[in-house]
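Asker: Line by line, the protein sequences are chains A and B.
Just so we're aligned, residue 0 is where the first sequence starts under numbering that gives the first Met the number 0, counting upward by one.
Just so we're aligned, residue 0 is where the second sequence starts under numbering that gives the first Met the number 0, counting upward by one.
Worth double-checking, as some hints may not be accurate.
The list cannot tell twin chains apart, which means a pair is met if one copy fits it or any two copies do.
Derived pair list, reagent style SDA-like, types lysine to any residue, alpha-carbon separation capped at 20 Å [claimed, not checked]:
1) Lys104 to Asp153
2) Lys301 to Ser192
3) Lys306 to Arg229
4) Lys249 to His20
For the record, the hints were derived by calculation from the structure and aren't laboratory data.
2 protein chains.
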Amino acid sequence: MEKKRKIRQISELGEFGLIDHLTSDLSILNSEIIKSVGDDAAVFDSSKECTLVTTDLLVEGVHFNLIYSPLKHLGYKAVAVNLSDIYAMNATPKYITVSLAISSKFSVEAIEDLYEGIKLACKRFDVDLIGGDTTSSLSGLFINITAIGSAPKDDIVYRKGASKNDLICVSGDLGGAYLGLQLLEREKKMFLSDTGVQPKFDGYEYIIERQLKPEPRRDIINSLKQAGIRPTSMIDISDGLSSELLHLCKHSDLGCKVFEEKIPIHPQSVLASEMFRIDSSLPALNGGEDYELLFTVPISKKEEIEKIKDVTIIGYMCKKDEGKYFIPRNGQELELKAQGWNPLL
Amino acid sequence: MEKKRKIRQISELGEFGLIDHLTSDLSILNSEIIKSVGDDAAVFDSSKECTLVTTDLLVEGVHFNLIYSPLKHLGYKAVAVNLSDIYAMNATPKYITVSLAISSKFSVEAIEDLYEGIKLACKRFDVDLIGGDTTSSLSGLFINITAIGSAPKDDIVYRKGASKNDLICVSGDLGGAYLGLQLLEREKKMFLSDTGVQPKFDGYEYIIERQLKPEPRRDIINSLKQAGIRPTSMIDISDGLSSELLHLCKHSDLGCKVFEEKIPIHPQSVLASEMFRIDSSLPALNGGEDYELLFTVPISKKEEIEKIKDVTIIGYMCKKDEGKYFIPRNGQELELKAQGWNPLL
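Isolated chain A (complex conformation) (with noise of 0.2 Å):
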């Protein structure tokens, strides 16, 4: 017989018990920590190296939608898109805080299962959970993860740095969040019409867990440091190529040329695309979440890169006044336009 969860209401606890309960388990990863979770503040020793912070807020029924979202793997996720910043960096994620507002149709084990996801990702990316603030919402949940990292201060990459005839690189493959986000709206819309179906992801479990269980890449940022390579300019790819593209561009006082039959695309990707009878690079241009690392390296650079796995080269940089043009496999360039998702829209 299967042994029943007790479930039980938050208030039972109360907010120093539900932090207690939640961070009872935690061990401290980073040598550095003084003190974590438990007084007025964390601290850590920095004194080796800079300190990097970025914070993203995740909105119920904005970001995230809980129908298809299972809790763990938000909370896996809302770790992991704060990690992929730091790491856009070319920069070690060491610390989050987490802040949460839980509306009271959660229950303890609800926020237990967010948790779990939390605890799992900065377990895999040997990240400490030092901080946080636990709250009521009068509706809806709303998770706010702040991540710290460190790094030298010679090896932190930002936006601007690109050169001219610098290439530029796409890590993984793109477009798949956006198309796994829509097929989990279909089967979400087909389920309420008619609570018998069942939702059929057969073939596209890898664009699901695209949208539900990203990635950030640690591993990417590993490869090129082992190849000795560091980027000019480097952002993770949250709104869509288009989007980040013109980010690098403003910034480093560039333009740009990228071309379509280079753009990385897995076969899910193209299959759902054909499906949802769309082109196939649209998504991977402006269709966002796909946490992948957007980066140029000296052209110098061409050989080692092209070595180096999962790393795809996609065009180029140009002068400023060259524009910033996507370059189809047949037909006119097209100037890139940033289309990816508004969340104030």
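Since chain A is already given, all that's left is putting chain B on it; use the hints.
Answerer: Just chain B now, with coordinates in the frame of chain A:
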């Protein structure tokens, strides 16, 4: 003729437009900043001191009510409560990140007001806004601020560290913020029941301000430093004196005795307590949001402490088995219990 302020929808600017608009006039105060707003993460040189991190999430309808909280005050308070946590570690706040989730009822101008308060607090306390996230919410306003500070390792004061016989000290006066809130709540009800009635706060300006615009006690931290006193333990009073005293006792593994007659209470708090027919020490013990500092010092520092403006000795730490007691003017010792506000009830 009064010039009308143009009101714009946030969607007119978009996320990046809004962020650019709100952060365009930020000047950098801390020279350790290498990269502020505008990349995947902010970067600062942390090589000289330890780094401290704290975070707080304020939720509309739970932590604030826009009927009586002007947005500028709210922005100021959201920063202030975080800086208070850094000061409570005997450290210097240096940076903040600001995450906002905004419902569609807010205009660009409303968010400008909020940011004006945020920037005012930053300016007053020499803190730089180095990053954030701005997104939408389906309902209500959510403000998550992460404050980052620094201090030499040996200067940092924790909740643990007090010794038997250490004097318990408190800055400022207690209970005002809670009583200010009660007044605001009462006037809100009257205002809502009859729109002709204007709120009356004559004679209660101080406690209203205590609620709406608390001041983190940098001055006390500086006074203590000047007097050569390093507290043995410290915490800021956000949940009421009882709750915070119990934290110091728990972390320092001690008991305590505090005396009602010593607890500093402002004349306006005494008057308001009389009006609400409650004992004026109750808001001090259990009210919360005063953001004063509660700390312990060795008894050998008694004379120096007595010379510091706005600091009051209210009791002493004792052995754990002697208990944690509040000693009223007349009558029996009362065991201290945390009856502070529970955000999860």
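Asker: Evaluate each hint against the coordinates.
Answerer: Checked hints:
1. Lys104 to Asp153: neither (48 Å within a copy, 44 Å between copies)
2. Lys301 to Ser192: So Lys301 and Ser192 fail the 20 Å test inside a copy (52 Å) and across (73 Å) alike.
3. Lys306 to Arg229: within (15 Å within a copy, 57 Å between copies)
4. Lys249 to His20: Close across copies (17 Å), not inside one copy (46 Å); limit 20 Å.
Checked against the numbered hints listed earlier, the structure breaks hints 1 and 2; every other hint is satisfied.
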